[in-house]
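S.K.: Below, each chain spelled out in residue letters.
Number of protein chains: 2
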Amino acid sequence: MCQLLGMNCNVPTDIVFSFTGFAHRGGRTDVHKDGWGIAFFEGAGVRLFVDHESAIASPVAELIKRYPIKSTNVIAHIRKATQGHIALENCHPFVRELWGRYWVFAHNGDLKDFRPPLDGAFRPVGNTDSEQAFCYLLQQLRHRFGDVPPAADTLRMAVEELAREIAAHGVFNMMLSDGTTLFAHCSTRLHYIVRQHPFAQAKLSDEDLSVDFSEVTTPNDRVALIVTEPLTTNETWLPFAAGELKVFVDGTPVARP
Amino acid sequence: MCQLLGMNCNVPTDIVFSFTGFAHRGGRTDVHKDGWGIAFFEGAGVRLFVDHESAIASPVAELIKRYPIKSTNVIAHIRKATQGHIALENCHPFVRELWGRYWVFAHNGDLKDFRPPLDGAFRPVGNTDSEQAFCYLLQQLRHRFGDVPPAADTLRMAVEELAREIAAHGVFNMMLSDGTTLFAHCSTRLHYIVRQHPFAQAKLSDEDLSVDFSEVTTPNDRVALIVTEPLTTNETWLPFAAGELKVFVDGTPVARP
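Chains A and B, in that order, are what the protein sequence lines are. Position one of the first sequence corresponds to residue 1 (my numbering), numbered consecutively onward. Position one of the second sequence corresponds to residue 258 (my numbering), numbered consecutively onward.
The following block holds chain A by itself, in its conformation from the complex (with noise of 0.2 Å):
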């Protein structure tokens, strides 16, 4: 099953992908054959590094690493589940430009018969479902908002409106952010965490993916983490509603107005 990461924090913080193991892990030496991405923002840049190669063989997740990746916000997306051919242009995250900002789009799920009406100021260069969903969503607020991106509450319940239209045929599981907001779209599974000062080091489970709190120091970081499936055993991991959308700003969940 494919594995959405979402990290959207008040400072920029380290995330740590390590593939240690994976070159030995006899059956699963192949989880992540399909594919695996990762977008975060650095000030209004991003760098986007995809794979559609083994991770044994990827240098590219040689790079990811050693790359000290200091970001307010990530969103990955690890492919564990074989879906035919893979190419580059169809790996998750995808990044589009609106408003004078760079946008990042992953997303876990299915769509069924989604032909989006594109009126070709943001189409898909690939063949997923997927980016055809990230161009939508992307047409529809220029659409509705034109050049001037709305207020932080009325762009929320356009996206929210925007998820639930798209999520009617399928699963879509998803994130989108801004460099600023991180959008997280829940149809079936999808949970959080907050972490606060002091902080202490996070373990993915399968251990391929750790975040590491622990060269933060001042009391007020705060950190938010989205998963598809809960990081670590000894935390209290919120799972979404289905249908839910949260918005997440400086590491902390935004209340619905």
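It is worth saying that the hints were derived from the structure and are not from the lab. Fair warning: this is a prediction, and the values are worked out from it, not measured in the lab.
DSSO-like mimics (lysine-lysine), calculated; alpha carbons at most 30 Å apart, straight line:
1. A/K65 <-> B/K322
2. B/K322 <-> A/K70
3. B/K327 <-> A/K65
Using the hints, position chain B against chain A.
M.R.: For chain B alone, kept in the frame of chain A given last:
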């Protein structure tokens, strides 16, 4: 001075960046400290690696050394001049989507008082004149041709006109590719060469970049290299005329209609 490099081939060709010796160059160790970037197409997808760190410390430079880049279209930008604070969002190449394809753009030069009327379809994320020019270029192409990309000759003439218009504001050496065609416009300085079978290894004169053609074996393989400064001293590089746009497809310059 900034350096542009473009490669356009009829079969995916290796391009190898080597940062060997970077750390030991005395006075020259800081030449790339203002950022560099490379974008290459893999099918319809694009990989973009940019860095605003010194190549000595850069984990991205490490990756590029190892990464087996095989591509038919590559655009790279190497910054050699200090131009103040460099942020990720200001690093070349830039990527946007138009007509369901990714477009990659890099610019060398300086545009004075360039404030093109941007309608919001493509908006700069950073604050460079280059990204403004790129956004304006794509916007005008979309204005002119709507949702359907025109025939190659028509597109060429449109890019030529737009490049001339933009170049009126200053120096506009630029490269633009949609993964099939590579457009190169020269204001002041650009050279190219077409290499064919049998290939040898070509080495950048400054030893930071080499393109390894030795693996290429079929007699039909063809590679065009377009650069600011000739990369080798033992070959004849053809200079562009000032104000000239050349269009490369399948490793060869396409004659004007």
